Amino acid sequence: MLLKFEKCLDRINFLLKLNGLSLDNDGRNKTMLQRLRKNWWYSIHMVMFNVQLCGVGAWFFQGLVVDSKPTMTEVTYMIPCIVLCLSGDVKVYCLLRYMHLVNELINLLRKFLSKAVEVDEELEEETGKWVKLLFTIFKQLLCLFLIGYLAFAVGPLLIIATHYYTTGEVKLILPFMVIYPFDEFDIRVWPIVYMFQLWAAWVAVFSVYGPDGLLFTSCTFIQIQFLVIENDIKRMVKNDARNSSDTFKKELVQLVNTHRELIRSVELLESISTLSIFFNLMSSSLVICAAGFNLMIMRNLTLVAPFSSFLVFGLVQTYFFCNFGDHIMTSSMGVGEAVYNSRWYETGAAERKYLLIILLRSRKPCRLTALSFTDLNLNAFSRVSIRTYYKIKLSPPFVGLGVRNTLKRVCFSMHFSAVFC
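Numbers 5 to 425, taken from the numbering used here, label the letters of the sequence shown in order.
FYI, nobody ran anything at the bench for these hints, they're computed from the structure.
Some hints could be false.
Here are the simulated DSS-like cross-link-like pairs (lysine-lysine), alpha carbons at most 25 Å apart as the crow flies [unchecked claim]: (1) Lys238 to Lys119; (2) Lys238 to Lys253; (3) Lys136 to Lys11; (4) Lys115 to Lys8; (5) Lys115 to Lys253; (6) Lys34 to Lys21; (7) Lys133 to Lys143.
Computed from a predicted structure; not experimentally measured.
Just need the whole structure built from these sequences, with the hints factored in.
Here it is in structure tokens:
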């Protein structure tokens with residue numbers, strides 16, 4: 005199992021290195037400036053990437069405040085792109101800011117997985133299923149990212165070719181609507197700007213994919229350790245229920261300490277990822293709404309592909325976040341159920357004390373939260389999905405309206421409500 009964990013870490017490290025990041029082994033709590041200085045290649049990426057993001061923000065400001073020229077279609081075209089870029093910034097910030105906690109978490113998981121434990125065939129099959137699911141999720145998310153990226157990269161070229169074929173006129177366009185201090189449609193600079201925007205999209209994609217992979221990997225192996233503890237309790241209490249030897253007590257003490265350290269690992273993961281989880285849940289509804297809105301009104305098939313991938317990605321990513329959080333909660337409570345269903349009543353007073361400690365700790369489930377506003381579970385996914393569905397249902401009357409009129413009607417027709425009500 006340790007080899008599989010190291011394989012997952014190698015994959016995450018490879019994805020992070022594409023942007024100039026890495027999981028270092030330095031456990032010291034450095035400042036953000038020190039970490040950016042160490043990851044200097046990513047710092048260059050970050051500066052140039054956020055310059056591009058500021059240009060998109062300037063386009064929004066000009067459209068919404070100054071001249072109100074963009075239609076709702078144009079605005080919703082850019083919303084998924086902006087949210088993806090901001091999400092990448094937030095996730096990388098959390099990763100760098102809490103790198104010392106990331107190292108502590110990885111060392112704890114290595115410590116758990118390096119212990120030789122006796123597992124039955126059923127547990128081995130169960131853990132193998134979760135590791136296989138983790139690798140499948142890695143592949144699915146990567147495919148969604150690459151499909152969306154390629155669609156945004158190739159889509160404008162296809163539109164230019166189609167327009168030239170029908171009208172005989174070359175009309176240059178770019179993947180993203182950005183304000184530059186020069187004429188970006190000048191044929192001399194247009195190819196450079198085009199490649200620069202594709203590079204910015206590449207940075208955004210892997211700024212999201214790498215930290216998400218670390219979160220999913222940590223959740224999977226933490227859940228596996230809860231299953232291992234549950235299996236140990238069933239095995240030990242069943243075989244040694246009437247045994248009060250020092251060996252049995254020593255194993256119980258070790259089990260209590262392992263359970264405490266495993267709860268600590270969930271707390272570390274919560275500290276690392278709670279901000280990015282909050283941003284994900286808050287923005288996923290917006291991304292799904294914008295992508296669904298564009299799919300309902302767009303007639304250009306070349307633009308349908310990227311928004312289809314955005315829609316599927318928004319739903320799938322939110323589901324995976326909530327699903328992993330839900331499994332951590334249920335598996336942590338399963339430890340207490342294993343104690344309760346064991347033959348604890350046949351053990352001695354000292355052994356019951358250790359089992360009671362585990363039982364009391366398991367009464368409060370381990371959980372991941374979005375800045376403590378909501379628990380990360382399937383109920384949160386249901387709320388996000390239902391609210392998003394009704395928001396998309398309200399969108400058709402606003403097609404073709406200006407942005408200001410649309411915002412007024414939206415605010416009038418529905419109450420502003422957060423995802424976590």
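Right, here's what the structure says about each hint:
{"no.": "1", "hint": "Lys238 to Lys119", "verdict": "holds (18 Å)"}
{"no.": "2", "hint": "Lys238 to Lys253", "verdict": "holds (15 Å)"}
{"no.": "3", "hint": "Lys136 to Lys11", "verdict": "holds (12 Å)"}
{"no.": "4", "hint": "Lys115 to Lys8", "verdict": "holds (14 Å)"}
{"no.": "5", "hint": "Lys115 to Lys253", "verdict": "holds (21 Å)"}
{"no.": "6", "hint": "Lys34 to Lys21", "verdict": "holds (20 Å)"}
{"no.": "7", "hint": "Lys133 to Lys143", "verdict": "holds (16 Å)"}
This entry satisfies every hint, going by the numbered hints stated previously.
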